[in-house]
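Listed here are the chains, written in short residue letters.
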Amino acid sequence: MFSDFAALIVLLPVIAFVLTLFLGKKLPHGGAYLPIAAIAGSFIISLGIFLQIYPEGIVQQSIPWFAGMNLGILIDPLAVVMLMMVSFVSMLIHIYAVGYMSHDPARPRYFAETSLFTAAMLSVVLSDNILQFFISWELVGLCSFLLIGFWYHKPSAAAAAKKAFLVTRVGDVLFLAGIVLLYVNMSDIITSRAFSLAPGNFILQFKSMFDAIPLIDKTQLTYITLLFFGGAVGKSGQFPLHGWLPDAMEGPTTVSALIHAATMVTAGVYLVARTFPMFVAAPDSLLVVAYVGGFTALFAATMGLVMNDIKRVLAYSTVSQLGYMMLALGTAGAVVGAKAVGISMFHLISHAFFKALLFLCAGSVIHAVGTNDIREMGGLFGKMKITATTMMIAALALAGIGIPFINIGTAGFFSKDAIIEGAFEYGEKTGDLIPYGFAVIAALLTSIYIFRLWFMAFTGTPRSERHSHESPGVMTGPLMILAVFALFFGFSQTGFYHYLETNFELMGVSIAAHEGEAVPPPIIVVLLPVIVGVLGFLISYAIYHKRMLDMSKLISSQNPLYKLLLNRYYEPKIGADLIGVKLTHNVVAQSGEFVDRKIIDGLVIDNIISNTLFQLGEVVRKLQTGVVQNYASVTLLGIGLLLVLLRIKFGGT
Amino acid sequence: MSYSLLAPEIILTILGLVIILIGLLTKDESKNMIGYLSAAGLIASLVYVLGNINGMGTFFYNALVIDPLSQIFKLIFLVVSLLVVIASISYFKDNRNQDEYYALILLSTVGMMVVASANDLVTLFVGFELASMSTYVLAGFEKRNPASLEAALKYFIIGSLSSALMLFGMSLVYGITGSTNIPAIIAYFKTNPLFATSSLDIIAMIFLIAGFGFKMALVPFHMWAPDTYEGSPTVVSSLLAAGSKKMGFVAAFRVLVLALVAIRMDVQMAFAILAVITMTYGNIVAISQRSIKRMLAYSSIAQAGYIALAFVVTTQMSIAGGVLLALGHALMKSGAFIAVAVVGYMVLSDNRNAKNTDDLDNFAGLGKRAPITAFSLFVFFLALAGIPPSAGFIGKFVLFYSITIEAVAQASNWLLFIVIIAILNSALSIYYYARVIRYMYVLPPVGEKIKEPAPYVIAILLAVIGTIGVGIYPEPFIRMAMNAASVVLGV
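Line order of the protein sequences matches chains S and Y.
Letter by letter, the first sequence follows residues 1 to 653 of the numbering used here.
Letter by letter, the second sequence follows residues 1001 to 1491 of the numbering used here.
Treat each hint with caution, since some may be false.
List time: in silico BS3-like cross-link candidates among lysine-lysine, alpha-carbon distance up to 27 Å [what the hints assert, rightly or not]:
hint	chain 1	residue 1	chain 2	residue 2
1	Y	LYS1451	S	LYS26
2	Y	LYS1449	S	LYS25
3	S	LYS26	Y	LYS1368
4	Y	LYS1093	Y	LYS1027
5	Y	LYS1368	S	LYS162
6	Y	LYS1451	S	LYS25
7	Y	LYS1143	Y	LYS1355
8	S	LYS154	Y	LYS1368
The set of hints was computed from the structure by calculation and includes no laboratory data.
Using the sequences and the hints, build the whole thing.
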């Protein structure tokens, strides 16, 4: 029923993209209603499919494309929860953007691009083969580039767009290399008749890939999964390719909410989850995932502590939370097998709700105050009650506050704590508690930076003479809806885990846990995440609200630690100045230029290559005299030439 | 015998004659409807061809044959004519000789379709002449424009010369084999391989190559093409470059390939040299052109060079690649010429007496002045350069791939070398396309934004959809081309 319209999930936003692009200027609100309606349609179809296939159906459709590839749709539990989340959050953000972008003359372009972005992201989610996944993934990257540079006349935005494009490209190349390596291995085992495609299946379909796992060489599988993970690292802003995400905040805040919090950046996590059976079969890769994820969670959180730009704090928070999701896949995957996908995806979706909410609240504040700098805010609570309250809810969710034992709490309380507990179980089984350590410390820092942000923005006295007001209903409406989800989504935890647990079994792939059955962790481990969450709140309350500690000593350019954090571990310096300018530009590009200019162009052939072609063209052009007699002669000459050619070849009689 | 498979030709012939009659009886002001009538007739024929895409049959004592090869080329001719007619509704609006124009277009289309179906050298020649005679007149249709007249005259003189050469070749073939029926000729060659190395065979084949090469605009039989494309009315250039050029290819597929295979004459090297010279020449000269119509003319010479690669290895796949590229080229090139016609319209609406409307300078800022045209031209250029997903990419890919396979199979280095030259040529062509793209999108516009007339926009967008559609979903077209290729090779 609904599954017959599965293709429309992607096509509707594509149609909206085309219509908005061409007709947007003539429609009210820059044509915003077209994408909203289209994405609402996608959401309804996704929801319908969910209700139709729950609890254990899947939708598979596929048509042959070319050269043994196919275009297809695979909607399993994993995909359907993603579909619903992406279309729902995207719809809310589009509605919000009607208000947020109301003063921007380029609105039609904005709505067209976000609509295309949503289509691409939905297409990533429901791809049934890795090639289509990759193509959509690239399209997502392109839209992200366009939207970060939406205000392209701003040099910083243009630079940020370029940086995002280049850095994620590093990951994409790795991902593509992984696909190629996978393809080579697949065709090897197919030609050696060790493996044959099931009828109606195609070579790069996920199903075929999973079926072939036992036959692929283990080392090769590790390379493939590591290369895939390289793609995920780029897209999801994991260390060391995280630098682009905070800079990406140069785009409109709605874009940050849509792309760099709720949807696109989760594509990397989704990639690992989608190909999880392969990762489970390659434990070394899983270990890398766990460590990179855990380290990123902590590393990004430390920088979130000192940023003064409200959006940058949230950006680092996103990087950090994505690290948690990777950590869940890496550690829990080793302990509980396929259930890890449930744990990770649960956090992904609850994060999507509260992070979108945080960004939209930040957008509401920026819209009202006109600055991104939290040092210039303060005392906004009285003026922006809805924004302040919803943002507090989101902050509580991010910090994972809740009441243990009776299991009442925010979305983050359920989703993040499960990850931390998973990391602990992993540590118990393997004796490696380092990822757990990363996770707990990061949880404390998370709580500190997010409440610091809230207290600095909403309490105290205004620190600048700015006029501020509550945002219009079209903006606060989505805030309240998201707040409801941030508060109550967590209660679906048991059902959610249960639903996703059988995800790969539905495709006929079973994943065994490596380290045997899990046992309930000790009480202290269950309590610790909440304790550090509350502790963080208290620290922030003491410092930034009550001003019990004088921070000016700490926050000074004299303090090397503060300097290190404020300069983001000198990553932009190392990345842009050292690697980018000094190494790449000065050494590689300059030497290239030297070779090009001085040797190729200058000394040896002096512009000959470039000029010859042009001059050759000129000379040959002169043959075209325009005199028709010459043309006839050339024709006859050609016949003579052919004659000579063929006679020489055969020497006929 | 049922003639329903010939319905497309019959419809167009009758319509062509009826239009002349209508032209006599109607007032000048109401002649604008004739364009719509012609488009309707072409659509009807197109639907008929599509409906019988797998039709088979011979007619009139084996003079005409319907098979996959004829059907795919009829598809090409009809699509190009349709695009040209739609664009002409704007181009020749309020022209008092419209009736003759459309009648000639339809009759030349019939001529091309007869060539596609020809199963006899005489039919082939008649089809060639019908198409050529009509297009001679069309090239000079702007009779007050000296450039148009010059174009027509040159086209006519060189065209007549080539017809004479071709006819001479045919008469030699008849002299050798005693038949004008193509299957009979092939059968004769198969059973009498003794003649394979005789001078007469070679001379006959060379004259046929020259005659077909004129239509295909292969170097050195191409000299007329740039002058004619530049001087003709732009929509007619579109018909010549995208449509009538393919006549040479279908004739070559039908006669030359089979005959050459049959007499086991190893002309690989000769065709390889022709193809390589043609593509390289076309691309290099295109670089220094400032007239976009001329640039497109040279680019279409280069494309003919790529298509001619199909003759080099004559495997099923290479011929399928040639057919695909012919199809792709028909879409891209007709679209590109029509886009240039829009620019001409734009320049003339700025200044009625403007000369050289297709000069590169007039394309400055086109992205702002005529966004749909500029974007479509952008798509056509990328497709012509062979960038996926486009019809141009699919054609080149299949073609180059087939030659690479053959090179590996024959362990032949020089075949591989030819593929490399072809790919380098593709890269070279990006240079001059990119220059126009830069003009369109980077340089500031030289005038106000214009309203692009609807017929132009429809024609261009149809071509864009076709170009990208074939690129995204090539499967059915590849299948059609493979079927056509199996006809060519007689397997």
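Hints and how they fare:
1. Taking the CA atoms of Y:LYS1451 and S:LYS26, the gap is about 16 Å. The hint holds against a cut of 27 Å.
2. Restraint check for Y:LYS1449 and S:LYS25: the C-alpha separation of about 16 Å stays at or below 27 Å, so the hint holds.
3. Between S:LYS26 and Y:LYS1368 the CA atoms are separated by roughly 17 Å; this keeps the pair inside 27 Å, and the hint holds.
4. Between Y:LYS1093 and Y:LYS1027 the alpha-carbon distance is near 14 Å, which keeps this suggested pair within the 27 Å criterion.
5. In summary, the hint linking Y:LYS1368 to S:LYS162 is supported, as the alpha carbons are separated by about 24 Å, within the 27 Å threshold.
6. Restraint check for Y:LYS1451 and S:LYS25: the C-alpha separation of about 16 Å stays at or below 27 Å, so the hint holds.
7. For the given pair, Y:LYS1143 sits about 16 Å from Y:LYS1355 by alpha-carbon distance, which is consistent with the 27 Å threshold.
8. Between the alpha carbons of S:LYS154 and Y:LYS1368 the distance comes to roughly 21 Å, so the proposed pair stays at or under 27 Å and holds.
Hint check: no violations occur; every hint is consistent with the structure.
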